[in-house]
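Asks: Dock chain C against chain W, hints included.
Chains as they are written, first to last, in the numbering used here: chain W, 1 to 117; chain C, 1001 to 1117.
For the record, the hints were derived by calculation from the structure and aren't laboratory data. Among the hints, erroneous ones may be present.
Stated by the list, open to error - Derived pair list, reagent style DSS-like, types lysine-lysine, alpha-carbon separation capped at 25 angstroms:
hint	chain 1	residue 1	chain 2	residue 2
1	C	Lys-1051	C	Lys-1096
2	W	Lys-88	C	Lys-1088
3	C	Lys-1096	W	Lys-62
4	W	Lys-96	C	Lys-1096
5	W	Lys-96	W	Lys-51
6	W	Lys-96	C	Lys-1062
7	W	Lys-51	C	Lys-1096
8	C	Lys-1051	W	Lys-88
9	W	Lys-62	C	Lys-1088
10	W	Lys-51	C	Lys-1051
11	C	Lys-1062	C	Lys-1051
12	W	Lys-51	C	Lys-1088
Just so we're clear, the structure is a prediction, and the values are computed from it rather than from any experiment.
2 protein chains.
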Amino acid sequence: MNNSAPDEAATAAAATPGAVDESVAAELARLRDSIDNIDAAVVHMLAERFKCTQQVGHLKAKHQLPPADPTREANQIARLRQLAENAKLDPAFAEKLLNFIIAEVIRHHETIAAGED
Amino acid sequence: MNNSAPDEAATAAAATPGAVDESVAAELARLRDSIDNIDAAVVHMLAERFKCTQQVGHLKAKHQLPPADPTREANQIARLRQLAENAKLDPAFAEKLLNFIIAEVIRHHETIAAGED
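Chain W on its own, in the form it takes in the complex:
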């Protein structure tokens, strides 16, 4: 099939191992090593974060405070959006990410509260 679209041909060639230039492969490996290092750091930071939020959860359950705190969350989101902007990270992404993490935290708090009621 000589009339296949050039884009398809290029993609097929590029997807074949060995078809990528060695220096390109090396550069990709270098960047991926950095990404892996950063991911390990983030996982460990989040493990530490959940240790804190678990303590918050126990404190809230013990003193019958509600699991969610909309005022605190609004402040966290505003602060993180600002930090993201300063770090040239998309503030909308930072907000979505925090909401994703908070949803998990609230799920934990509800589990803790149910266990301590």
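Replies: Leaving out everything else, chain C in the frame of chain W:
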């Protein structure tokens, strides 16, 4: 309403500012300060991560490599689940989080590829 459920009464009292014991409020503030420090660290790590993935995106677009790489992603997920487990973080949560970040990265790569085609 003297016959309101005890849980509701407790929640209403706890939600009122000043109703929480001072030492509890101090402990909550201490934990929240740590959470805020960790969040700032995570935002800056992710800003650095996106700098790396933007470079990967440009490299892939320039050499017509596909934006997504299922083998790489499977390796990343397996590695992060193991790291999470060692750090006592829920591996399922770590995997969901990585998928959330990767989805954003692929969106970026597609934008870069569209711009460089």
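Asks: Now tell me if each hint is right for this structure.
Replies: Evaluated hints:
1. C:Lys-1051 / C:Lys-1096: Holds. Lys-1051 (chain C) to Lys-1096 (chain C) sits at ~21 angstroms (cutoff 25 angstroms).
2. W:Lys-88 / C:Lys-1088: 31 angstroms, violated
3. C:Lys-1096 / W:Lys-62: 30 angstroms, violated
4. W:Lys-96 / C:Lys-1096: 13 angstroms, holds
5. W:Lys-96 / W:Lys-51: 21 angstroms, holds
6. W:Lys-96 / C:Lys-1062: 30 angstroms, violated
7. W:Lys-51 / C:Lys-1096: It holds: about 19 angstroms lies between the C-alpha atoms, which stays within 25 angstroms.
8. C:Lys-1051 / W:Lys-88: 9 angstroms, holds
9. W:Lys-62 / C:Lys-1088: 23 angstroms, holds
10. W:Lys-51 / C:Lys-1051: Distance ~29 angstroms between Lys-51 (chain W) and Lys-1051 (chain C) Cα, so the pair is violated.
11. C:Lys-1062 / C:Lys-1051: 17 angstroms, holds
12. W:Lys-51 / C:Lys-1088: 9 angstroms, holds
The structure fails to meet hints 2, 3, 6, 10 from the earlier list, while all remaining hints are met.
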